[in-house]
Each structure stands twice: as C-alpha cells, then as structure tokens.
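Build the full structure now, drawing on both the sequences and the hints.
In order, the protein sequence lines correspond to chains C and L. Anchor point for the first sequence: position 315 equals 315 in our numbering, and the numbering is continuous, going up by one each time. Anchor point for the second sequence: position 492 equals 492 in our numbering, and the numbering is continuous, going up by one each time.
Wrong hints could be hidden among the right ones.
It does not matter which identical chain is used: a pair holds within one copy or between any two.
[Said to hold, decoys possible] Heads up, simulated EDC-like pairs for lysine to aspartate or glutamate below, C-alpha to C-alpha not over 20 Å straight-line:
(1) Lys-198 <-> Glu-84
(2) Lys-198 <-> Glu-270
(3) Lys-269 <-> Glu-110
(4) Lys-357 <-> Glu-106
Source of the hints: derived by calculation from the structure; they are not laboratory data.
2 protein chains.
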Amino acid sequence: MCDDTKMSDSGAERNRGITPRRTVCVYDCRPGSNAAPPRTIDISEADYSGFLQALRQEFSLSTNETFVVSTTDRGEIDAELYKELVDGKTLHLFESADQKLTAATEERIEFLPHYHTLVQCGMYEYYASEGQKALPYAFAELIDNALSATAANTGIRSIEIRLMFDESQGGPAVVVMDNGCGMTSKQLNNWAVYRLSKFIRENGMKREESGYVRPDPVPRSLNSDISYFGVGGKQAVFYIGQSVRMISKPAGSPDVHEFIMSKEDFERKEMNKEEIYSGFIRNRKPGDYSHVKESEEQFLRSIVTEEEGKESFTAVVITGVQQEHVSFLKHNYSLWTRELAHTYHYYIHGVDGNEQKKKRISDHVSNIDIQIVLLERAPRVPRVMNLREVENDMQTLYINSSFSTFEFKATGAGESLVEGLIRYHPFLYDRETYPVDPYALGPSEDEDEDCVILNSEARGKRPIFECFWNGRLIPYTTVSEFEWCARPKKAGAVPLECYNRISGVLFANDRFQVSTNKLTFMDLELQLRDNNTIFKRVLNGQELRVNIQREFTNWLKECNERFDKQVMFQGFLGSTTRTDV
Amino acid sequence: MCDDTKMSDSGAERNRGITPRRTVCVYDCRPGSNAAPPRTIDISEADYSGFLQALRQEFSLSTNETFVVSTTDRGEIDAELYKELVDGKTLHLFESADQKLTAATEERIEFLPHYHTLVQCGMYEYYASEGQKALPYAFAELIDNALSATAANTGIRSIEIRLMFDESQGGPAVVVMDNGCGMTSKQLNNWAVYRLSKFIRENGMKREESGYVRPDPVPRSLNSDISYFGVGGKQAVFYIGQSVRMISKPAGSPDVHEFIMSKEDFERKEMNKEEIYSGFIRNRKPGDYSHVKESEEQFLRSIVTEEEGKESFTAVVITGVQQEHVSFLKHNYSLWTRELAHTYHYYIHGVDGNEQKKKRISDHVSNIDIQIVLLERAPRVPRVMNLREVENDMQTLYINSSFSTFEFKATGAGESLVEGLIRYHPFLYDRETYPVDPYALGPSEDEDEDCVILNSEARGKRPIFECFWNGRLIPYTTVSEFEWCARPKKAGAVPLECYNRISGVLFANDRFQVSTNKLTFMDLELQLRDNNTIFKRVLNGQELRVNIQREFTNWLKECNERFDKQVMFQGFLGSTTRTDV
Ligand SMILES: Nc1ncnc2c1ncn2[C@@H]1O[C@H](COP(=O)(O)OP(=O)(O)OP(=O)(O)O)[C@@H](O)[C@H]1O
Ligand SMILES: Nc1ncnc2c1ncn2[C@@H]1O[C@H](COP(=O)(O)OP(=O)(O)OP(=O)(O)O)[C@@H](O)[C@H]1O
Ligand SMILES: [Mg+2]
Ligand SMILES: [Mg+2]
Chain C
1 MCDDTKMSDS GAERNRGITP RRTVCVYDCR PGSNAAPPRT IDISEADYSG FLQALRQEFS
61 LSTNETFVVS TTDRGEIDAE LYKELVDGKT LHLFESADQK LTAATEERIE FLPHYHTLVQ
121 CGMYEYYASE GQKALPYAFA ELIDNALSAT AANTGIRSIE IRLMFDESQG GPAVVVMDNG
181 CGMTSKQLNN WAVYRLSKFI RENGMKREES GYVRPDPVPR SLNSDISYFG VGGKQAVFYI
241 GQSVRMISKP AGSPDVHEFI MSKEDFERKE MNKEEIYSGF IRNRKPGDYS HVKESEEQFL
301 RSIVTEEEGK ESFTAVVITG VQQEHVSFLK HNYSLWTREL AHTYHYYIHG VDGNEQKKKR
361 ISDHVSNIDI QIVLLERAPR VPRVMNLREV ENDMQTLYIN SSFSTFEFKA TGAGESLVEG
421 LIRYHPFLYD RETYPVDPYA LGPSEDEDED CVILNSEARG KRPIFECFWN GRLIPYTTVS
481 EFEWCARPKK AGAVPLECYN RISGVLFAND RFQVSTNKLT FMDLELQLRD NNTIFKRVLN
541 GQELRVNIQR EFTNWLKECN ERFDKQVMFQ GFLGSTTRTD V
Chain L
1 MCDDTKMSDS GAERNRGITP RRTVCVYDCR PGSNAAPPRT IDISEADYSG FLQALRQEFS
61 LSTNETFVVS TTDRGEIDAE LYKELVDGKT LHLFESADQK LTAATEERIE FLPHYHTLVQ
121 CGMYEYYASE GQKALPYAFA ELIDNALSAT AANTGIRSIE IRLMFDESQG GPAVVVMDNG
181 CGMTSKQLNN WAVYRLSKFI RENGMKREES GYVRPDPVPR SLNSDISYFG VGGKQAVFYI
241 GQSVRMISKP AGSPDVHEFI MSKEDFERKE MNKEEIYSGF IRNRKPGDYS HVKESEEQFL
301 RSIVTEEEGK ESFTAVVITG VQQEHVSFLK HNYSLWTREL AHTYHYYIHG VDGNEQKKKR
361 ISDHVSNIDI QIVLLERAPR VPRVMNLREV ENDMQTLYIN SSFSTFEFKA TGAGESLVEG
421 LIRYHPFLYD RETYPVDPYA LGPSEDEDED CVILNSEARG KRPIFECFWN GRLIPYTTVS
481 EFEWCARPKK AGAVPLECYN RISGVLFAND RFQVSTNKLT FMDLELQLRD NNTIFKRVLN
541 GQELRVNIQR EFTNWLKECN ERFDKQVMFQ GFLGSTTRTD V
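Below, the structure is given as structure tokens:
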C-alpha cells in the first residue's frame, strides 16, 4: 500500500484558498507486473492529460501502449471522473478494462462513525412502548451523572432540574445543575467521547492518570457510582433536545469550561467537509456571559450569572427541546416527578426509605436534594418541588403500608451481590392493605373479569420485586418471585392468600449488568436462579446461613398471625335500634 | 484560537523515527493583555529551557518578569510536564498561578467516538431478559441485510448460515452468505461506518450518487428493505464474536473486496496511537486465498474457494465466537431455527404464509431459501435445514388451525399503514383448537390456578396480535387488542368465549419506527390507538369503508355458527357391550 498520508483533503485548507495536495496511489495490475508495490503520484497541479502523462512516465508505458486506469470499483478514470478524485485514492492500472486482478491490492479506507452516533443515540433507545413515559428515564441519566459528581460532597448534594419554558427569555430549555466536583477541560473533553467509559479513561496528563477505583461496598449499593457506558449523558441530551451546552467548573480551579455539542454544528461541519469530531472548549471566568447572544438566550445569562461564588458545579443546558416534550413536562408534572422520586427513592430518603412515621421525629437522613423547578411565562408562577416531598411513589406506599420486613442476601459468582427485602401488607378488618398503583392503567384491573376471583386481591398477579442497580431503579425489570417465597400449590401452615400480601425490593450491585439505556437488567433473574446463588436471611444485621424457605414461611406465618385482622360477618342476630345517637 | 492544524501526533510519523512536529498554542492571559489572539510556538526541537526562552521572546517578557504557563486545567508546565505536552496543546500564560482569566480562551479538542462504539454496540443492546434467546435476533440482523441484498435477484435468493464448529478446521466461525448484489469497495467502506444509514449515504463517486429510493408498496410490506440505522450488521457481529471478515463481490465487477474489522485490531491501533477508524480493503480475484493463514483458518480457504463462478455474493465471516454461543447454537438447534422461521415466516412462505394443505398442490411461492448448516468435527455429520421446513413456528400453527380469516387495514397520518388479519380457531367437539406454543414456559400455564376458570382457555390472556415490520417479526412487541375486537363486557350476539378463539397478525410498513435492535416498535400501539387511525375491512381484496366493529362481530358470529362444533355429554343412557370388535 501507499504511505498512509492523511487522505481527506482538509476543509480548512480549502477555506484558506490553498490548493490542497492531491496524490493517488496506483497499483500496476497488468499481467506480469508481479505484485509490485504501488506508486504514489502527486496530481495536485496536473490536469487530466498531465495525469496520464505522469502515469506513462511512472510505469514506463510507451506511447502506443494502451491501458486503463480505474478506481477499485472498476470506474474508468476519464476526464470527468478525474476531477472528482479525492486525495489518497487507490487506483488500478490495467491492460484492458475487463482484465482480472493478478495480485491482490490494498486500499486504505476511513470509517469514522457518522455523527448520528451521537445525535440519534437516544432516539431509538428510550423506545417507548409505554408512550411518553420514556422522558423521565432520560432525565434519570442526567441525575445519575449528578449523583456521581456530588458523591464526595461534604455538605448538601444539590441537583436541580430547571425547566425554562418562559419563551420570553429564549428557550425552551432544560437545565440540569449540580454542585458536584465539576469537570476539568480534559474531563469535559472526555465527556464528549462517545463510549469512553470510566473503566478505560485517562483523566489528565500522564502523571495524574488514574485507573477506575471501584467504590467500597455500601448498604444497598447506594454508592452513587451510577455510570457504566460513557453513553448516558449524550443519549439523554439528544433525546430531549438538539443541542447541549455543558458548563462546568472543577473544584480547585478558578476557571469555568464550556462546550457545545449540537446537531446543527455537526450538520454544518459535514456540509463544509470539516472534521466532524473537533470542537472548542471555551475557558473563561465565572459569570462571564460576554459570548451569550443577548436576544435569544436571555435565560442563559441568568445561569451564567449564578456561577459566581460557586466552588464547583456542572450545568447541562439543553436547547432545541422538542415541543411535544415541553407539553408533556408541563401537563404531566406529577406523573414524571413521581417516577423520578420512585427511581431515586433510596438516594433521597436514605437506606430505610421514606418511613413517614419516623420522619416526624428525626429529620431526613439523606443529604441529596433533587429539586424540580418549572418556569413559565408570567403571570404563571414557578412550580418548585423537592423529590423528597413526593408521597405517592410506589416505594413510599409499600414502606408505609407494611407491618414487617424480611431481609435477605443473595450472593453468586464473582462478588455479585443482591440485598433483598420482602414486606408484609396485612389484611385489616375489611380489606387488603396492599397498595394500589394510583397511576396504573388498563388491563391489570379488569383482566380477571372472567374468573371467579378467590385470592387474586392484594398483589394479584403482579411480580413481587422491583429491582434497583447501584441503588437506583431499573424500571423495566421486575422479578416475579423466587422458589422459596412463591406460593405453594397446596396450603400448608400459612393461608395461601398471605403470599399475595408481600411486596419486595432487590438491590443489585454493579456486578450485574444493565442495558445501555438502563431500562432493563441483562440477566438478573437468570443469574439469581443459578444453582450457585446462595440465599441467606439477614436478621438484625446478622447474616444467617439457614434454610431460607423455612425462615420465610415462619416469618409469613407470624405476619399472618400477628397482623392480619379479619372481621367476619358470622350471621344475622337481629336488628338493634340505637337510641343513643 | 490557533490555526486548526492536526493536533495528535501521528503514530506513523513516530514509527518512521521522525521527530513529530510539536507546537503549542499560548494565550497571553496576563491582566491588560486585552484578549489578544493566541500565538503558536513550535517546540519540536526545544527542551524545557528553550521553550521558556521562546515564550519570553514571543511575549516580550523581560528576564526579571515572573510568569506562569499552565494547561487550561491549571497544571503548571514544569520540566516534567513539558515533556508530555502533545502537539496542538493550548496553554495559558499568567502573571501568577492563581490569577483569574481576564478574557475567555478557546481550546481545540477532538472527541472521536471510542472504538467500543462498534465493538460493544451489540453487547448491551440484545439485552436478554429471556436469557440466551437474544442470539437468533442477532442472526436476524444479518438475514435482514441478506434479504435486502437479494431483493433484486431474478432467480433463487439464497441465504445460508453456516456454523463452522469443526475445530480441526480452525474457528469456531459463524458465516452468513448470500447470493445478493454484493458490495463495491465504496459500499464496503460505507458498511463499516457506524450509523451511516441508507437515507444519508452516497454510494460512489458523485456521478453515481443516488439518494435513497423508497420501494413501492407491496402486500404486507414484504419489500425486503429491512434496514434503517446503519447499525445492525456491526451490532450483530460483535454480539456473536470478536472479529468479522466481510467478503463481497459486486455484480458486474470481476473483483472481490475484503475487509476485516476486529476488536484486536482496534486495541492494537489504540495502543500504538494509530488512527482508530482507518483500515484496508483488500481487492483480489475470486478464489485467491493467498492471504489466508494455512494453519489457523482452514475453513476460510474453503469459503474463498467457493467464490469462483459466482456472479455476486457477500459472505460475513465471524470469528472469535463466544464459547457460550457455540454451545447454545449446538444444543438448542430446533429452538433458534424455529425462532428464525417465525421471524421470516412470510418471506419464506409468501404472503399467505405456510398453508400446509395448499402446499401439496402448488409448490412454494417464495424464492427465498434460508438454509442453516451446522458443521461439527467428524464423525458428526453436518446438519442441514431449510427454514421453510420448520413446521412448528407459531405462525404455521396459527395458519393451519384456523378456519376463517378477517382482514383489515389501518391507515394513519403520513402514509403509515398496517395490514392486519384475525384468524378463527374454533372449538371442535371436545376441545379448543387454539394452538399452544410448544416452547412457552412457566407462569402462563398455571397462573390461573387460583381462579375458577370459565373462559380462559384458547388464547387465554395472551395478546391477540404478533407484529411484523417490513414483513419481518419484531419479537418483543405485541398488541393485545383493538377496541373493536375486544371482548365486550356483556355477551351479545356472539358467545364471549369466541373472543378467545382469535389470533392475529399486524403488518406495519416502515412509517412505523422500531428500536435500533429491532426487538420492539417505538409506538405502534399508541399510533394505532390515535383517533385519526382509520380501520377498514378488506374483503376479497376490496377495502370497505364500513363499521369495523359490526363487520368483525358479524364475522365472529358466523365463525361461531359455522365452525364451532360442541359435543355435549347429555346424560347416561346405559352401557352397551360391543361384540363386533
Ligand atoms: N454532572 C456532571 N458532573 C461531573 N462530571 C460529569 C457530569 N456529567 C457527566 N460527567 C462526566 O462525563 C462522563 C460521561 O457521562 P455520560 O453520562 O455520557 O456517560 P457515563 O456516565 O460515563 O456512562 P453511562 O453511559 O452509564 O451514563 C461521566 O463519566 C463523567 O465523568
Ligand atoms: N449481505 C450484504 N450484501 C450487500 N450489502 C450489505 C450486506 N450487509 C450489509 N450491507 C450493506 O451495509 C450496510 C450496513 O449494514 P448494517 O446492517 O450495519 O446497517 P443497515 O442495514 O444499513 O441498518 P440497520 O441498522 O437497520 O441494520 C447496509 O445498509 C448495506 O448497504
Ligand atoms: Mg452517565
Ligand atoms: Mg442491517
């Protein structure tokens, strides 16, 4: 092959009016040429006939010798095609057009991923068989990043989603801000590299280089280390809108770094044949909004102004937000904030979750504030909500309607660990207390219509377990049951309906894999069903190597005996007229 | 900013022992410097003190003037850090280390997607809540491509999946071969570009350039145009193995083009700081295996040898196949071949599907042969199967147990079109004929245990519709019902149980979107539930604008009256002894 010089002619060169250097790499493919190495011919200055002459000279072709020179796709180079030859093109010199290749040739190609890799990565990933519900999961990716960034904070970890829907200020824009460690310009550069995960990243110049250090195990894997692929942020941003401005100030540096990635930029670069994956980081002092266009981006000025006095922060400013997202976010405020409160339940409420009874006594145990602010045009007033205030997410409902908890641990191969718990929701007087999902719609309610329902109340046919990964909900994966807590075929010591009064949670650590969009586990259930998985009961913090099924059954029996309060209508005694009321 | 010269120092230059050119781009950030443009300083030859001298000169710093020069991340350039400066690095010149940035600076960065974009793209996408079952869907991506490539074939369209599991021949390897149009070297180059979809692709030099032409509508959208994202092939290949060799001969050219993409190559290029997305296409004559290592890749020779005499073809040769895939493919042969037969049912059997009664009369109506060949070490004999022979995929079972079909069409906004059909599986004598999925496992069978089952037989609670996109199954999306074919709350003219005797198929055209892994539709059901969707009945090829619900109910009534044959055990008459047997 020819020297591996850069092939594509640089847009920059052309812009400056310089004739770019053009060479071609020609293989002599005539019979008898004996697999000779190719020759590089400079054609920067030559017209078509000059090119032919250079060819004749290079390969010592006599004037009356006929030949054909063609692309590797057998396109004969005539005067017209000649003009379109790009720098570095590989050509074949044949005796005649239909001659076979005597020896193999090698042709250098480039195959840079198309920019749709970034711009479209979210589009077909947050696939929404459940319709619009995908948007909270895109937000979740940005909250994940903010949780990681604030993990080492000593004070409050503050995360704010600000929906700037006041068109008079420019926008609409979605801004996610955190007071975490921020990013150096090198880290901001790394942010932009698709699929550069924390496991393979260098974080600065060599002497600062640090491999990834796995955090120490913590209860329920609430380690705030919720990133894996180097994809999430970009996927989320381009699902929500068309452009992102990352603004970040790393702790310990007086400078703010800013980087824009946008669909429009990519399109322009492609059109102008500029390098697609090149861009500029702007380094500036905090509060300096001199680069912000006054007219369009009023809201941005206010964000930049807020920078002053912050030790470190990151702001993800998404613009070009799809109009359908804007109206979804406005009109389904309580739906999607509840979904986020559900996703981060144990981060915002601490390991024990949202125990409403306890809360009155002690203050909240978590220092993570996730705040949602919705700004609309005056006279509409801003709506502000801390996710901790959400009182109707499923975990809150489960926790506060349960009377007892059975804890366990499952360990498998290679440090894989699941902490689990099962909660009991008793039958009280005249009804099941198993919580109903207030937002659940459709078939789950009336699907049993054609059966005479005996025991389908309470949980019904819903799966027992919701599943969390590194402490955050993976929304589309549930585990219906384990053998040891499944309802037996025949009633034993425990009434069968008690098996319908349990809900559960699984907390998996990062040895379990999730899909890129973090909507599903890869094979949590499969791994847990593996014979090598060991289940232990956890009682008062002690792990007990016991027969888990027996323990569970005993616990369930006790729950039934202690908590279920059935009032039965025994028969008709007579009517009494109360005269005292 | 400094001139946008290429930044990264080229591995090639270094390999040739040439000191690469090194420049830095220095901003004067001292107070009063007034946002002067940066200066480029050549440091190729200079040591640290030479660099300092050049700095002093460039910025007219007097000898006793103190200054600090640092990276944009405030790393002070000392002798050690100086050595690590890469070409093109942006530096800041300060008066003192803690001085603020007076004016903003711009720093050129590159953010090429990491090669994991390609190598890992399949890994977390064919997420397998159903365990190993994902593998057939990776194969499906390669069959999709082969179907597209053979769409214009005049004779047989032959697609072969060859599993080369005879270790004595090298491997294991998975090979997918088709006799389609093949790829020119330009097209092979395009194949390698991640996310370069058919919609945005140029197919050759300018004068051959052709935008994408949407195929004309055909019944059931069996248009063989099953590609969308520019992702599928790569995703599939790197899910199955670690390396792919694409071998292709385009029609009309005497040359074969060959390109290898492998995890190992990427790793090597990264290590040597070579350009990641550069490679070589090998152009050669058919049957020329001179480049194949004799020892390791015996099986490859046989594939290359087969090339001779073929007008055009493509072979996708996957090596580094994961051992667990190998054993899954060996041990679950009938499971996964059945899944593929299901996926391509209407391609391999034609629009009417696998009607077993008719087949004896006419020969098959499709010219698509999808053949699976499993080769193991002698004395094991090869297993060969044409997917058309599969007789127990669900569509075959549905078709052959149905007595009548109700056809309809749904049209929505922007040319979106769904052809649909509902089949009736009558009750015959003593049992439902609704087919049972022979591979279905688990809860669907016994989940009704706790109800007294009245009408849950036949379909039970399964969704009515399987969904196809451009004629091929999208396996994880089903549609349970439409309003007009849902079981009413109260029995009317038709016995309620008849609503459980229907199965259905939806054929969506490409105006509906699917997720990148082609496992789910984005919002098929949502779109169909839209009020603007118009349902028409199709009768003998005629579209009727009628009340679909009434038509359907009438059809169902007729099915019940004509086909359901209930034999009832009326009462005891007496015992008879038969003397004639
Ligand atoms: N708010 C933030 N503060 C500080 N650093 C951030 C922030 N957001 C992103 N980053 C940095 O950018 C990197 C890329 O983020 P991105 O979400 O795209 O991928 P990821 O988090 O590494 O992996 P995943 O695909 O699992 O999300 C992060 O690993 C982190 O180093
Ligand atoms: N067997 C084949 N024969 C001819 N061309 C092929 C073949 N396989 C792939 N190609 C070409 O390579 C391109 C890229 O294939 P790939 O499967 O990666 O993406 P795609 O089919 O374009 O989109 P999708 O992501 O929907 O699969 C195809 O569009 C097609 O032009
Ligand atoms: Mg992330
Ligand atoms: Mg494809």
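Verification of the hints:
{"no.": "1", "hint": "Lys-198 <-> Glu-84", "verdict": "neither (43 Å within a copy, 22 Å between copies)"}
{"no.": "2", "hint": "Lys-198 <-> Glu-270", "verdict": "between (29 Å within a copy, 17 Å between copies)"}
{"no.": "3", "hint": "Lys-269 <-> Glu-110", "verdict": "both (17 Å within a copy, 13 Å between copies)"}
{"no.": "4", "hint": "Lys-357 <-> Glu-106", "verdict": "neither (74 Å within a copy, 54 Å between copies)"}
Hint compliance for this structure: hints 1, 4 are not met, and every other hint is.
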